[in-house]
Amino acid sequence: MDNKEILLTMRNISKSFPGVKALDKVDFTLRKGEIHALLGENGAGKSTLIKVLTGIESMDEGQVTLEGKPIHVKNSQHAQALGISTVYQEVNLCGNLSVAENIFVGREPMAFGRIDWKTVNKRAKELLKNLNVDIDVTKTLDSYPVAIQQMVAIARALDISAKILILDEPTSSLDAAECRKLFSVMKQLRAEGMGIIFVTHFLDQVYEVSDMITVLRNGELVGEYEARNLPKVELIGKMIGKDYEQLQQIESSKKTSHEAKENFITCRNITSEANIRDLDLDVNKGEVLGLAGLLGSGRSEIVRALFGADRILSGELNVNKKRIKRNKPITAIRNGLGYCPEDRKSEGIVSELTIRENIILALQAKRGMFRFIGRKEQNRIAEHYIKLLDIKTPGREQQIKNLSGGNQQKVLLARWLATDPELLMLDEPTRGIDVGTKTEIQKIVLQLAEKGMSVIFISSEMDEMLRCCGRMVVLNDKKKLGELSGAEINEQIIMEMIAGGKSV
Amino acid sequence: MKKGIFSRNFSLIVTIVLFLLLFTAGSLRYRGFFSAQVFLNLFIDNAYLIIIAVGMTFVLISGGIDISVASVVAFVGMLSAYLLRNGWNPYLVMLLMLLIGSTGGFLMGYIIHYFKIQPFIATLAGQFLYRGACFIISTSSILIDNPVYSTIANYQIKLAPRTYISISVVIALIVVIAGAITAKFSKFGRAVYAVGGNEQSANLMGLPVARIKISVYVLSGFCAALGGIVFSFYTLSGYGLQNIGLEMDAIASSVIGGTLLTGGVGSVVGSMFGVLIQGIIQTIIIFQGNLSSWWTKVAVASLLCLFIVLQRVISANRERIRRRMLNDS
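So the protein sequences, as listed, match chains A and B. In terms of the numbering used here, the first sequence opens at residue 1 and continues consecutively. In terms of the numbering used here, the second sequence opens at residue 1 and continues consecutively.
Hints are supplied without guarantee of correctness; some may be wrong.
[As the list claims (entries may be wrong)] Here are some chain B residues the structure puts well away from chain A; computed CB gaps all over 12 Å:
| no. | residue |
| --- | --- |
| 1 | Arg-29 |
| 2 | Asn-89 |
| 3 | Leu-95 |
| 4 | Ile-117 |
| 5 | Ser-138 |
| 6 | Ser-140 |
| 7 | Tyr-149 |
| 8 | Thr-235 |
| 9 | Leu-304 |
[Stated by the list, open to error] Part of the chain B face toward chain A, derived, beta carbon under 8 Å:
| no. | residue |
| --- | --- |
| 10 | Lys-187 |
| 11 | Ala-202 |
| 12 | Gly-264 |
| 13 | Ser-292 |
[Unchecked claim] Facing chain B, a subset of chain A residues (Cβ under 7 Å, in silico):
| no. | residue |
| --- | --- |
| 14 | Asn-92 |
| 15 | Val-105 |
| 16 | Gly-106 |
| 17 | Ile-115 |
Don't read these hints as lab results, they were simulated from the structure. Every residue gets a Cβ at the ideal spot worked out from N, C-alpha and C, and that includes glycine.
All chains should be modelled from the sequences, with the hints used to inform the complete structure.
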């Protein structure tokens, strides 16, 4: 790889957001004719690095050079002018325009002062043919599946400029055949000397096309590796922050598995609108069940389906031995389920409301609109949980947005605890929270389970999962790979399962 | 997949078919309805609304809304009447009106884009401002007796014996044609569709979103002022309470003509037919003779419901097709 000409270097890139260091002195190098995978878990800094490179965010410090010349990217238009094009995860095109227009809008070829539609359509057709896509380009973009839309986005990116192509999670909505098509296009472009940055969380795909791999973790550079010299298990270790060798030495922290195996939830053959397919899952009373897997493995989608946030299309869901036909969040709440979503800011807290109001929300919903909870009782409940969970605040009437992330999370916990749930589903409850609070939350989870509550626990941090979970379901690619319980739970086995992508 | 192309123009086709049906129905039911002049009167009586609807269409396609246009018409009528009474040159007055309309549009567009104010609120402020300003000029109506205005107002362009159109109709048709060409064949026009389809995407595709968004309000302000001038030819007076609710007629015309209020879809020609449909309903009611003219609103209300539901069905259908393709592929 060393003989290839260097196209782009990013050196010592740092970027802070209020309270978070998103990038800390990160280096990144891209060479001509190279597909370079940029990997890391949630919050590792991948997208911030991409945003810095494409001018959407400005960096605090660092240098970027393109073909040896220092550049300072001002905005996405400027990035395009420099030859850096991005295809985002969500197709950033206009569904209401025709395919051809999407490729040419803003730079349509003109003839006699008007847009020359014939040329537009002809050239769009040719561009897409080069990518092995043969479609009617005069139809609107939204009449085609996402895979085609992705190709159109790539065609546009290539036609505008062709030095660096950034593909940000391009395959998350593609199926296997569509991915192969995309990969063959990527390889073709690589052969033409383009540098491609490939951001993904599908590790198989990384190995299928990438030459180089750069891993980020917590805003820091873990390292740059040649793909063929980095076994997948080691790669996963680097992403989640454990050395493979180290792991082999660690004794798995054994958990006493609860002998009382009374079932709370049974799922059979559940298929959800978020692409969970034919899932079988049992949740027992009083256990902490971990859903292990990388980002995008389906761990969040499972709890969303159980909570009725995603529609269940087929299969059987039983809660407390009762068959649930039409699952909606309110049904789930009344059946004793609680759910702290992954995205605390947009799906969890209501930032303008006070702590008391935030805590009461779910309980009020559970009781129904017309059985208003009196102010006195509200105060009592709020005070109770502020004390119980040690929420650090000047008072219950503070707006929740003024609290730190950890305390906000505790308020959300309180919201669900107030409903006295039988199953609490926590999706990344400790993300972006200081270490002290993290341990507190873990302790609370274990205490709750001891008292007989069931908990589904999701975290990107293996350590935390090992500490909390009595049983683990390992997921990859929205499929269940297997289950581990008690003494079987072992980081190394989990990593091997994910890496192998096969059931145990 | 022919269905896709068809559904894209489906609303427009329905609008035109509906217009023809109404015209046929009127012709069969009423004596004297089926004549070229009845048809042309639709244009003569609604020229100003057609012009305003063209500007409105661009705003709606961009995903915005402009509810200031009716007040602009009233203000333009009022101020022109006032200035003409004070002996201003009529051509200078017209030029000034167009300038005022465009500048007002620019200011509203600027506020909408840079201060991220909802278009409804920003143009509501404009609406109040223009309407209030009318009454600063005068609380009663002012007649226009300028000879240039009267000549233009009364001039008849003979197309055939006893068949004529007014100069306003010519202006309106020019605006429609220019608008249609702009929408379909200019970079600006296509960019308006892109912004309305997905503003964030348009920005990431490198389109000058700020300029486009502000421009549509300038265009709408210009069209409203031009509509106001044409309207003062029509009434030869200015009055502050003139045309209350006209902005909604313009919006309704656009929607009936196939424009989506969510932006990204619509056509200038469709909006013109939207105006004509409202006009023909009114004509039918006049021919009927024993109905209040407010029945026009009732009829338009039912049409609006019909079209909104129709559009919803079409887009839901398209979404379903897309999903099915996703799952199949």
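Hints, one by one, checked against the model:
no.	hint	result
1	Arg-29	39 Å, holds
2	Asn-89	33 Å, holds
3	Leu-95	25 Å, holds
4	Ile-117	20 Å, holds
5	Ser-138	44 Å, holds
6	Ser-140	48 Å, holds
7	Tyr-149	34 Å, holds
8	Thr-235	37 Å, holds
9	Leu-304	21 Å, holds
10	Lys-187	6 Å, holds
11	Ala-202	7 Å, holds
12	Gly-264	4 Å, holds
13	Ser-292	40 Å, violated
14	Asn-92	4 Å, holds
15	Val-105	5 Å, holds
16	Gly-106	5 Å, holds
17	Ile-115	5 Å, holds
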